[in-house]
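Enquirer: Residue numbers (this note's numbering), protein chains in the order written: chain A, 2 to 131; chain B, 79 to 576.
One should not assume that every hint holds.
Claimed, not checked - Cβ-to-Cβ under 8 angstroms is the rule here; a few derived chain A residues that face chain B: (1) Ile115; (2) Tyr120; (3) Arg121.
Just so you know, these hints were derived from the structure itself, not from any lab.
Positions of the beta carbon are idealized from the N, C-alpha and C atoms, including for glycine.
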Amino acid sequence: MPPSLRSALRALATSFIPETAGASDVQWAALETRVEQALSVRPQTTRRQLGLFVTLLAAAARVRYRTALTSLDPARRIVLLEWFGRSPVLRFRLGIWGLRTLIMLGWYTQPSVIEALGYRADPAGWDAIR
Amino acid sequence: MSVVRCDVAIVGTGAGGGTAALALAPLVAHGKRVLVLERGPRFQDGEFTGRELEMSAALYADQGGFLTSDGTMTLAFARGYGGSTLVYTGTSLIAPPRVIRAWGVPGIDADDLARRSRKYMEQNDVHLLERERQNDNNRLFAEGAARAGFHPEQFPLNLRGCRGSSLCNLGCPNNAKQGTNRVQLPAAERLGVEVVTRATVTRIEARRLHAVVAERPAGGKGAAPEWEPGEYVIEAGHIVLAGGVMGTPPLLLASGLSGLPRRTGEGFTCHPAHILVGEHPSPITNDVGHPKSWFVDRGAEDGYVLETCMYFPFVTAKNLTGFGPPHSALMRAFPRLQMILVLACDHATPGNRIAVDRGGTPVVHYRFTDAVIESMVRATRASAQIFFAAGALRVHAPSADPTLVERHDAERLEARIHARHFRTGQISISAAHLMGGCGMGSTAADSVTDDRGRVHGHPWLRIADASLFPDSLEINPYLTIMALADRVAEGLLPDVAG
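With the rest of the complex left out, here is chain B (with noise of 0.2 angstroms):
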């Protein structure tokens, strides 16, 4: 076993940990040590082929088949040198202040939240796609919300050199998105920070971690990692725990790291989401372009938000609900399909929550609340009028039976479209936005750390991920991520460097 030491040890590389990477880079021109430890490897130009299977095996944890303690729910996240950054469309929204201000964290200010991811939305580019670059499945959608009463935006998205692949879920064959594998990440490099890859973090202490650093397998995709295969010390002056929801809170809970405030794993959210499909009479542009350029924000009035998004074969034959004739039949009809995704705005719930079990595995626990239930029906009906407005014959509605909606039902959809047709275990439920298990707060009483991600009663121990977020942020979150982990990297850089 291997010791090293170190001023600062951040674990994870995603849009918290990326970001701190970067934010405390400066220390290292000070003397100071800062290493970065990521469980996944470093991917290489030209290893993201957009191959579905090859490239959720490589890119996502259980091949993008994690599922919720009961098996009623998918849960998404990545691993690898620049985290669920790698995976992700780009969309870059700033936290709605409603949100902000409920979420009732002293020291948590919307307009600094603002200020901060205005910031980040110069580093990665953020910009509107042009008109002519989107694609029918996204135009089609504008149209058909304007159409039907809704106020469709345009998503921010944070792309340089765009394609219009279409595989983004997939990691971007042109390396596209400016995710921190390509901008935070390689700019910390440059300033000193270390990067070590393939190194799993077993196991937390005061002031030190336990990691086992993985060999290459034979055949895999991505770099050999950067220190030699084997088990590790790491002892730092301060930690940053940024592995995500599914990566921090795991980790405390299975170290029984002793004083640990009691809410730790508590609060969970994740806007669990669905896919709908509208058929149209002929074939659209959907697999080309980027695919999630509008949006439909009901998170204040109505619990939820509607995006574009296009997705491949397999994930697209998963969420259709059911089998058989129908089935088939809507995926023969593949270039004909218009898709959008409905999430539903949840909110933090006694009862959801990360666990580990005997093994240290993570486990969630997650119900669908009769709310939670309710938004995603109303956003199914919404989908619907949008699909039909724009022009679709039919529209896959899982919470209808049958789930086909047919274009002369259009002024039925209240009766067609309703929950108790909304069963678990029928349908294909999934999340993304995997929120909550280490929230902000005042006290080890309400909360896991404070303001600036400290853990309450361990100073030297930050959080700078999304398990900070007290309940659901109701929009697409890596901005405000990256803006509170920058909050987080500011109040530990006097600390270090002090």
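Bound conformation, chain A alone (with noise of 0.2 angstroms):
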């Protein structure tokens, strides 16, 4: 993944995740391997449109706020994609979907995070908990 995508990535996913505020190294490199993994089966027309939905967003973050989307604040930064996921236009509502879902994946498929969050199923059911 690019450096300036990675940053966005993980800003993003502060934004979308605050718990991702504290992730490990490990977390975030296991957050990130599950994207590009995801990515990587996807059209290749998906993955260009994301990034250009990224590229979109740095934009909206200079032009409205004077500043790259990575050094925002967090609480500018959901302003910010609130706006676009609320917009009448369905592209920008899909676009934020897709980020998010994605970081979303990336997040909470790990077991450490899975296991923070008290999920305990498990193929043995009912003898597993007793």
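Two independent chains are provided; combine them into the complex using the hints.
Expert: Structure (structure tokens):
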């Protein structure tokens, strides 16, 4: 993953999922690997559209707040993302939905995160909790 | 390229293909060759780990993330020996007579489908789950629904030896669900039917299939294919397509079969669904126990069905609207979450259809009608009533703004949950009951097949999956798919034997 995209991804992740601000290096690496794997099986056009959308978000941060998306304070970044996520333009809403879904896939499939949530489904079912 | 000849070739091993395989298996004893081709692998006992990312990637097309053409809905369908019966929850309902009457297909009779459905209920060991094996998530739904004035009903389930892993949608790790991978296909193979996995049918011509058998990828799940990897031509006296809605209509459309009825691909329905959660003050049992034991059927009155459900962390996170602190807070409340799946009873609508792109890849066009949106909104209000009646503190409702509805707003649900807040692209909508595309009817002008699944104008070609449905079923479809596949096979038997 290019460094610029990695820093944007991390900034977006901390807005979508505040807990990621305290993620360990191992957790960040796992998140990025999962995102990369998920994107790798998507059509080239989808990957390109997501890349363009991140560029658009960065440009919007520059225009609206005169700073980089990655430097925005978390509250302003959330305002910006919510503006796009609630936009009348379907493409913008889908862009936010796609980004958040990717990042949630990268985070909420990690065993340490799942355990912290208290999710305990087990193949042994009832026997596992007795 | 190898050429293989057989009397009957079946494409697909799910509820339709597996049923057809067993129903046609007696032909083998009469010297006939029955071949079944499955695109996915044959998973081994012990490969169902229950790990969300790993199993989604192994079982579902596009890891469960296949999107409709405008990107507003996710469609879930599985590939593997057993098809989507690998990933369903085993809910076994007989088609409502009012729906079958409304289909208006000459020759299709609700009583006949019910009789055939009961045969498969017996074959699949369908029964009601004992109360002591139901978790709080299900108990609260039943109690809340009754208190709120609804009529909760228990799902008959096709389980044998269920340990309550709650992992049904990731493939049962205990082989408890009696899908076609456990019942019909092994029985058919014992009678001499040949099943070839990792075999993708790429083209259909008159009495001929082109298929590619893939190698087992290094480190991948599932057994190696039964045939040598490579390209095959299968010459068959009769062909039964049962690859499901995402398999059968796209194959027909991509193949450009001459004389194909013009309605091929039309009439797609899918019971659009989303997940609602209610947050309780203290932990409940939700991630242990069978996830789907109860439902409320308001299909006839209000166009929706509510079902208990319990999903995994990522699917849950994806389905909760929004992001940031409120979303995270709800995720942290996971052990206290009650979950309901809302399904809209959509109807065949012009424009909602299956097509293929230039590369032959399926493309699904789907527009949410006002009626579907209203159904989902009514269903969301009903679910909120049930959650609050069960004791929830707050409810996450996608068609509310803000999405969290607090208990003190329980009397204002009409105002808080409203169609004006239902915004595609903002809320997560998914579907797993994919139906239509090769609907039954009388003639090629109004349908693709007759009531026995024979494609109009192509007497050698039959269809035996949910693409036969001329409109939505308004309940969980697998038992009706089996009943229809049973009819298709019954009609085919004398043609092959004769």
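Enquirer: Now, for every hint given, state plainly whether the structure supports it.
Expert: Hint by hint, here is what the structure shows:
1. Taken as an interface hint, Ile115/A checks out: its beta carbon lies about 5 angstroms from the nearest beta carbon of chain B, inside 8 angstroms.
2. With a cut of 8 angstroms, the hint placing Tyr120/A at the interface with chain B holds, because the nearest CB-to-CB distance is about 5 angstroms.
3. For Arg121/A, the suggested interface contact is upheld, since its CB lies about 6 angstroms from the closest CB of chain B, less than 8 angstroms.
Consistency with the previously given hints is maintained throughout, with no hint failing.
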